[in-house]
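Line by line, the protein sequences give chains A and B. Take 709 as the starting number for the first sequence in my numbering and just add one per residue. Take 2 as the starting number for the second sequence in my numbering and just add one per residue.
There may be inaccurate statements among the hints.
Covered stretches of chain B (in silico footprint by chain A; criterion: 3 or more residues with CB under 8 angstroms from a CB of chain A, positions within the stretch not fixed) [said to hold, decoys possible]:
1) 38 to 47
2) 185 to 196
3) 205 to 211
Hints were generated in silico from the structure; no laboratory data involved. Everything numeric in this text was worked out from a predicted model, so none of it was measured. For glycine and all other residues, C-beta sits at the position ideal for the given N, C-alpha and C.
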Amino acid sequence: MASADKILKALSDSLGKRIIQTRTLQPGKSYIQVQTGAHKDAVRIVLQEDNEAGVSAITGVDLGETIELMYHIRTCDTIITIGAEVPKKDAKIESITDIFPGANFHEREVSDLFGVTFEGHPNPKRLILPEDWPENVFPLRKEVSVANIPSKIGNFGVSKDEKHVSSEERLVNIVLGPQHPALIEPEKFSLRVDGEIVREVEPRIGYVHRGIEKAAESRTYLQDIYLVERICGICNACHAACFCQTVEAIMGVSVPPRARYLRTIILELNRIHSHMLLLGHAGLEIGYETLFHYMWRDRELIMDIMEALTGNRVIASFITIGGVRRDLKEEDVPKIKAELTKLKERLSFYKNLFESDSTLKIRTRNVGVLSKQDALKLGVVGPVARGSGVNMDVRRDEPYAAYNEIPFNVITYDEGDSWARLMVRLDEVGESVNIIQYALDHLPTGPYRVRVPRTVPTGEAIGRVEAPRGELFYYVKSNGTAYPERVKVRTPTFANILSFVHIAEGGNVADVPASFVSLDPCFSCTDR
Amino acid sequence: MSLDLNFVFRVLVFPGFAFILLFTMFCDWVERKIEARMQNRMGPIYTGPVGVLQPLADFIKLLTKEDIVPFNAKNFVFRFAPIVSFSIFVFSFAFLPIDGASVVSGSNFEGDLILVLTLVSIANFLLFLSGWSSTNPYSAIGATRVLTQLLGYDIPLFILALAPAFLAGSLNIAAIANKQYVPFAFLIPWTFALFIINLQAELEKDPFDVPHAETEIVAGYETEYTGRRLAFLKLAKDVQMVLGAAIAVELFLGGPYGPIFYGLSAVWYTLWFVLKLLIVVVVTEYLTCIFARLRIDQVLVVNWKLLLPLALLSLAVTVGVGLWLNPL
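Could you build all of it, start to finish, from the sequences and the hints given here?
Right under this line is the structure:
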């Protein structure tokens, strides 16, 4: 791994005058603005310097006359941002999908919401907005206000290019979603099936696009905490934590130690809850109902702890700017510890089950294999990447909350199949239990929040959190008022969903749910 | 021909139609309750005492639902496959001695074992037709899976059923059941174990429930069915479950025959039959709960590479041991 300084030096050496300016967004995070057209070279240089680097997100910001595009590249232990501006009238920029295929969806999203054309994109179709959305309305541009977004658009139908059976190819089109028992949330995947073998997969997301990024601009920072929590019900605390720590970075607020530990506890509870939900759901997808019922029963232990800690079972509303909203009661600590011990006993049972059960094994071993190279190329994050042997974890790479003081292991498996992805999660639940136990034992005393002003000084910052599904990315730009100028959210599933196409093609129809569920897709996150 | 009241009673009430229907629903309840308890759930509890009337309530509810026939599926097969399939399964019960006697005198004959097994195959084929005629991609895939699986397990099932027939020296189900002073399940446990595994495939239960793997192909061949047609399709599957278990009871567990302590033999025979059948139901449910669903290609591997050779081997061993113990 190359250090960030080395990459920055390589950038300035080879781009030279094409760099317009270099500045620091927040300590350790550099922003390099390059001339339009040089962005691709810049991205290529970073990818060459660090072979484990990947484009984390592409953010668009409306600057009035121009649209600023930011390529956030995840490298070593930080994020390097490469910026380029395109005129709003003629918004065109060269696509980077040929050097980094994982940027496919990121570019399509920006194209949908900002009207930037990415030249050379292999599949420049709509991704987020409905098919019959008016041609020249780009919701995240500033001239489009919430008031003039059409409330009712035309009749949404099946697009014309969809056929059930084409006789000459003998491929049957099986549509997975938007309503399908294997998908809890609505997204559409068109599978072209030859007998029982999947030949092509075409994903289409956007069915639960709620325009949260736009809505965040018309709410205060305080209101936005509750808004971003509702991006995803399962990992809500991660969204709140990520948003709050990004805003805190702009404000320069430091959070008291007790609050950092309490945040760690709720974030880890969130992870256990999410992983167990997924592992149970995986059982359901491969027809193992008993596993599903057992997992979800034991997950109730965590729900009880969440309720004791935050007062809520699911949406925690616990983390706020400057700390947390409630303190942990001393008398709850032994109860929480007892339940964690109980959970740990159950975990050894599940671990044994996942390692020894024969039917579970033949349904998940060597199914949906994603090699390490493909994982890096597609820019996957979280347990999906770790299941393919990519050693990345924001908790260790760029510690937030109290992770720099708590010892824990990053779990990786090299197999890259569905089983490995499930095992990563199962082992991480054990690690999370250890983290919570350590945090409870070493909980500092003192205040659990600091009061902060409602307005935020001008500035911008990037926040990253290791959500249960992987790296969660926030970019917040402030204009000095109580309302943010831009809130960008890149959820882990949005980064992972492209890999589904890769692992499903060539596989068996019966394996689609098993390999799909091992990615732990969350579509509310994906669409926002 | 005058109307014989005994004949009408035996065909329509006991041990005929009404008994089979009620017993099927009872078995459905037992099945659901066991599965629920094994999975740490409650199962049906509200309808009737401990939820025993839940299957009946579900059936009546489906009967009252709107009956929708898709435009492309307006054909004879789609309309009649469920009811014909149901009838064949119920009809097959006429050859099984439930209370120790045949349902109507003379309904038992030498070779009815082959007839029953054939009828079951035909009824299963009708399930395939019901899915195929739905003209829905999910149904079509579910239907082809039924057929693929049918080819795989039907042959081992026939072969396995021959072992008890050989030991009893008869192809008459009642005679096979009657000959078992010691149930064949104890004499030839390997055949019985294979038969139960095969039964799982026949009944589309885990690990062989691929034809209606809901996370892959919605409800498989049932997808387009609604209302009363779905009610009969579901009932047909339930009757099939009881029939499958009943065949296992007759062939391997000594049928209705068991010790009679006092009173009417018919009561005792029915009781033994019901008890033995419930044991088979419990075993199949247990297997359902501890397995994940296999993939269709893996099912075929299990059927052709494992069950078929093992069935042949077990038949050979049974014949060999039988001849050694009791030379011709």
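**Item:** Those earlier numbered hints the structure runs against, lowest number first
**Value:** 2
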